[in-house]
Amino acid sequence: MAVTKVVMPKLSEAMETGKLLRWLKQEGDRISGGDIIAEIETDKADIELEAFGSGVLRKLLATPGTAVPVGGLIAVIAEPGDDISAVVSGAPAGPAPAPPPAPAPPAAPAPAPALAPPAASAPAPAPAPVLAAPSPAPAARPTTPVAPPAAPTVLPAGRLRVSPLARKLAQRANIDLAGLTGTGPGGRIIQRDIEAFVAARPAAAAPSAPPARPAAAPAAARTGPATEDVPLSQIRAAIARQMVQSKAPVPHFYITTEVAMDRAAELREELQALPGAPKVTFTDVVVRACAVTLQKHPGVNASFTGDAIRRHRAAHIGIAVAVEDGLITPVLRDCDQKSLFQIATESRDLVERTRARKLRQQELSGATFSVSNLGMFPVDEFSAIINPPEGAILAVGAIADKAVVVDGQLAVGKRMRVTLSADHRVMDGAMGARFLADLKAALEAPLALLV
Amino acid sequence: MASERFDAVVVGSGPGGYVSAIRAAQLGQRVAVVEADRPGGICLNWGCIPTKALLRNAEVLQLFQRAGEFGVTVDNLRADYGVAYTRSRQVAERMSKGVEFLFRKNKITLVAGLGTLTAPNAVRVQAPDGSSRTIEARAVVLATGAAPKSLPGMTLDKTRVISSDEALRLDRLPRSVVVIGAGAVGVEFADVFAAYGVQVTIVEALPRLLPIEDEEISKLLARSFAKRKIDVRTGVKVQAVRTGRDGVTVELEQEGQGARVEAAVVLMAVGRGANTQALGLDALGVATERGFVKVSPRMETSVPGIYAIGDLAGPPLLAHKASAEGVVAAEALAGHAGRPVDYRAVPSCTYCHPQVASLGLTEAQARADGRAVKVGKYLFLANGKAQALGEPEGLVKIVAAEDTGEILGVHILGAEATELIAELALGKTLEATVEEVGHTIHAHPTMSEAVMEAALDAMGQAIHL
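Chains as they are written, first to last, in this note's numbering: chain A, 155 to 605; chain B, 105 to 569.
Only chain B is shown next, with the shape it has when bound in the complex (with noise of 0.2 angstroms):
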């Protein structure tokens, strides 16, 4: 059994280690980075980028589907699923490749297999062709990410009952689907099925579709789903998911009544837990907490000289925020003082159409909060651009301190609300306030200028308004 010496060995590819693996070799340390599947976690492989490619394809097909509005005739459209699948599958292949090729260029070793802890400073693993090997490492960065979670006592039979991870391996889609679970997920995979023309009934347990994002926003999107026959059930429980010869039946209860959705498939799209089995975590000591591995600020687990960072280290489960984690990781283990994450700048994104972006406090959570806020709304009806684009859904919320226009939260519906974000969490980043973001000269036409209306709407001086 080999043993191999690094300054740093990091378990797992995804967003987080590969990010960390990249800036720890910046810092001059020798890194061997440890992956069981392919480079790039289930971000680029069964997550975000493939979700993405199919996505696209549901807001092009949508597009053809109203092209009418823009005098376009379409006869005899049709689209084919197997080719957005196939798409789905290079865009991913493209993007791992690219990450082999910066290990490559950081002079980064990258290790098949799965990586198990045997010290704090080894990581022994166990190669797909059986054979295992040790490496030695001053310091260890855990990075394995987290798998996609059932409801008590519902299985995951990967046929009927399947996870994200199944349904991006779809190359045709079913008639008719029920999506458990209202979150990010559920709700893209909502939208890019409805799009293909599948049935689909969104079932939710808390009251509102992303039960995460502002309440405002929630409503505007089920608006929008159900103006696409998408059958939006929320606060409602699942009590049972029996499978049967041509589908599925799933009994749901709602306010003591019951109800039962037949579909050729369901979709758990319930959460992710994070994959700390097979990483001999107790036999060392690293202190868990509710299934996650606890970090401080520079994310060092309870034993020094082992790190955590992304989803295995906690909420929320986002590819960025494991790649600024990472960076700060890498960092304190070649001995910098770094900058710890702020999770109150960390923004989260959904691909639906329209998009949902948001960051910081819904406008409930600040007013639980005891803050005395000042709202700024403006909405994308009466944005030039939006206009133009044919895109005058949803707006621009933005949550501030009313007293010192801090900006507490912010919350947008729309056509690229995910990019609109951006200008947000660096003004969070800066500690701007709402004066800045509303005294920033925004170009003319274009959908930021709804980001700036809402900031000076905050300030009572919209102008478009």
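Chain A with its partners taken away, still in its complex shape (with noise of 0.2 angstroms):
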């Protein structure tokens, strides 16, 4: 009886568009829910998608290889007998998705206003569609409409909303505005959400300084273009929309300490020894430590929301894993409520699925605090981006042999600087101070963390 319509599902906060890889089942196929019916390119992960209803899979209406906005339909399932085309037809005809019908067609044959100049002399710029190519102005059109009839052709589902500002503005930039969140009424994108773009991209746009050193080779023997544009993949485009969102938006401050290392270290070597122990890492034991501070800190556990400072029970907490063409930070979760084992063994399986793209939905949002390790290379110490809406994130550098002063002697220690960003919304300088603190602590005394 049931008709079930199968849309693109919204797997991340940020998540806009989903991009269809395979069709695992066909056409006249009989599902029951739970069945895996397709596989779906996210901005983070290659996500599989369950069914959730039962019956015959009727029609498959997303062609492998596109996106398809978050909501939009991509297939209907139903009993044989049940009538699917008002669910259909409700739908972008055929496989491909189509905009929706425009609810005021532009292109209405409006009597060529005599008045008007033709589209040839006016300096308007023609509404091209963002993402496609830079096309010349349609010359048979005799005004330009404000409006454009088309939105990108990424998003054939959600119009734009966007102020005529924004649009030329973008436009003069050359930004993707469906890469884009507004910040104006109902998410409109304005003014500044443009600027503050802008503001953020990388230097590149910057007309920057000389190179830094002319004097190198003459460029003769050099042929080909003198820059290559790499197109964005999903999940570098969505790091470059999250990144401004963050940085823009949230005020960030950082505070960094040093912490001994000696006895977190040793207990290390001691865990690992244990029989039948997982492997524990420096991130582990970060993790753990975290976990355990933000307990006794709420204020830092804690997100602001517009009107309030929402502070958050458990201690979810973000794991930065770097993969082939970016960054996936998968969601450890309830971590105040693991033990340092717990935490070894399933960081281990969290980081190794992010690598091969194989996360579950709910691993990708939802942390409360993050944690960055770059220790692995040979950095000191760094400052890291705040992934919102969560309200901190703890950068960790490498531990190094260090000449220390104890007890006023000089020994050799084992240092590691850590640097917490802080939305200065959420908290003030000695609040997250003051975290650092017993951090560093619960690091330098790490007995305490298997308890």
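Derived from the structure by calculation, the hints contain no laboratory data.
One should not assume that every hint holds.
[Stated by the list, open to error] Here are some, though not all, of the chain B residues that point toward chain A, as calculated from beta-carbon distances under 8 angstroms:
id, residue
1, Thr222
2, Gly439
3, Ala441
4, Glu506
5, Thr508
6, Gly509
7, Glu523
8, Glu527
9, Leu534
10, Glu535
11, Ala536
12, Thr537
13, Glu540
The structure displayed is predicted, hence computed values, not measured ones.
Positions of the beta carbon are idealized from the N, C-alpha and C atoms, including for glycine.
Join the two chains, each given in its own frame, into one complex according to the hints.
Have a look at this one:
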């Protein structure tokens, strides 16, 4: 009886579109709830799509390889006798998603206003879809419609809400509007969103100073274009979007401390030596220490909601994992409830599945705090960008042997520098500093992390 | 001494305070408003509204004076300023009653008396009868407005040297007036006085009338005022104001040259200062800057829970800006994430004849900002409706960004300019560019077509020019 619409699921906060990788079932196949029917590539991972309803897969509406906006209809499940024409016809015709019927067809044949100058002489920019290659202005259009009739090609269903000024600024700065989230009423993209985006863009956009080594080999021998544009992968685009959304509106501040890791290193050695023990990384130790310390500092395990500060009871910790073309921060939930061994076991699984792009949906969002460890590189210290809506992130540098003074004597000690990036709307310097002091104490007396 | 508890207490019931109180009540807050005078503040009682009534009288009178143009003969034209005064008071009275009605409707408690902060969440109210009570509230909104200032060393004696407060209480006009200050207040009173045949001299230290407006507007207005025999003296310093038996002598200095003007009365219109004195701000550590209370975009002062809005919170000293800030403060104190006021989209209006309205940057400011600008202009002379009305004076001028067409500033001089500005304030708020304004279909024939044509002109596409 029931007709089930299969739509592109929203798999993460930031997800706006998903690419259908392949169908795992054919039209006509019988499906029961829970069957995997397709694979979807999101900006973070490849995800298997489960069917919610049971019946026959009557219609596949999305073509493999195409991007579909969140909520867009991709298939219909129903019994053989059910009439699905209404459901299907309400959807974009054919397998390729097309724009929904526009409320007012812009091409309405208005009597050509004799007074209006032809487009050719109008300096007005043509409303070319932002994602499309810049195309010459359509010569036939007598006037330039103000609201572009077509939303960017990748977003067929969701008409972009964007102010005329923001649209013009974006065109001039060559910004893909589909990659922006608006801060105007109802998520409308407005001037300040573009300005924030431009301001946060890497220096490449700025007219930079002369090349650092102008005296280097003359370019005579070099052929081909001077620059190469590498198209953004889904994940690269998501990172670009997320980071700007963090850095521009979130007022970051940073606090750094140095932690004596001698005892933590010893402890880790001893734990590893235990029979049947999992491999415990320094990241695991730091994650456990953060979870314990966050319980004492609920003000740090918190998010800014616009009109309140939301304190989270559980410590769900995001662990930044470098992958081939970017960075994913999968979430290890309830770290405060888990032993160091549990964290070690689960985080290893999580990291491996992250690299293999085999994460489950709930592992992609919901962190209350994050840890980013670059200690495997020769990095003394660094500061990380907060992953909204989290209130803080801990950046972990390498552990190094250093000359230290212990009880007035010069000695060699293992030292690690950690930097807390904190959202100033959520907390102040002293609160962050107290958290960091307790974290340092927890790492320097690490036995407590085992209980 | 009784003490009562509310969610919010608003001190002052002008266009900032009463709007804030109503918005807070709409959001479910229990609200009290403390008012030492009559509900409605300066705006309704001694500012915007009664002056508009007087200016309407001036306008009607001017129409009669040029009735001949329309083929209407008027013999024995006499204008009774006493009636104009009475009418202005009736209008103000009606509006003030309206505020009381709105308070009742929104279940807002109106408390008569002078409010002083005694703690971040407590306001002591000194009633006219000498009794006092304390009102406690989770949040306090300060909205006590501003009062006329004088020049240093020159006192307002309130008979010979008066401010707008006294000018609005005149039921007979003096035969001559020197207006010191050619901002909106000075210019509007000069307009009313001149219409009623008072000999008016208007003196301004800066080089032009309405110095904050676009230079082109100032020039055109000066020309119009000169035609009406208003003596405009700009770039002039007032050295002294000396009160004698029959009048006042104002000593001026212009480029080293001394001059003097005599008049029956001097109207001091040199700006207003925030009413911060009686509020008890210092004791609570509420930060101020240049005499105004410092506020965040959510209108919160340096002390959490205390908000300040309107004239108290700094320029521009405009009723509608106060109302907008009142809404922001109400939403903030009720825990809503309101939208902060966009100060680039606050229109500014002067109701002289012809009217002046503007928003955003003047052409000179936009250029000084280093922006590449394009300017679109359209004269009412070429507008059919303006011609039919017999009001061909003035123009619409739009200053836009060269690259995007962003509306940077709008400057209108002409009949109903103050109504025409609304379209562009909306445009600015929605981030429309000159392209959208130019492509909007405007009814014909209307004055508003001049707005469309000015926008088109900025794109080099004006039709009727």
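Evaluation of the provided hints:
no., hint, in the structure
1, Thr222, "violated, 28 angstroms"
2, Gly439, "holds, 5 angstroms"
3, Ala441, "holds, 4 angstroms"
4, Glu506, "violated, 10 angstroms"
5, Thr508, "holds, 4 angstroms"
6, Gly509, "holds, 7 angstroms"
7, Glu523, "violated, 24 angstroms"
8, Glu527, "violated, 15 angstroms"
9, Leu534, "holds, 6 angstroms"
10, Glu535, "holds, 3 angstroms"
11, Ala536, "holds, 5 angstroms"
12, Thr537, "holds, 5 angstroms"
13, Glu540, "holds, 5 angstroms"
Violated hints for the displayed structure, listed by number in ascending order: 1, 4, 7 and 8.
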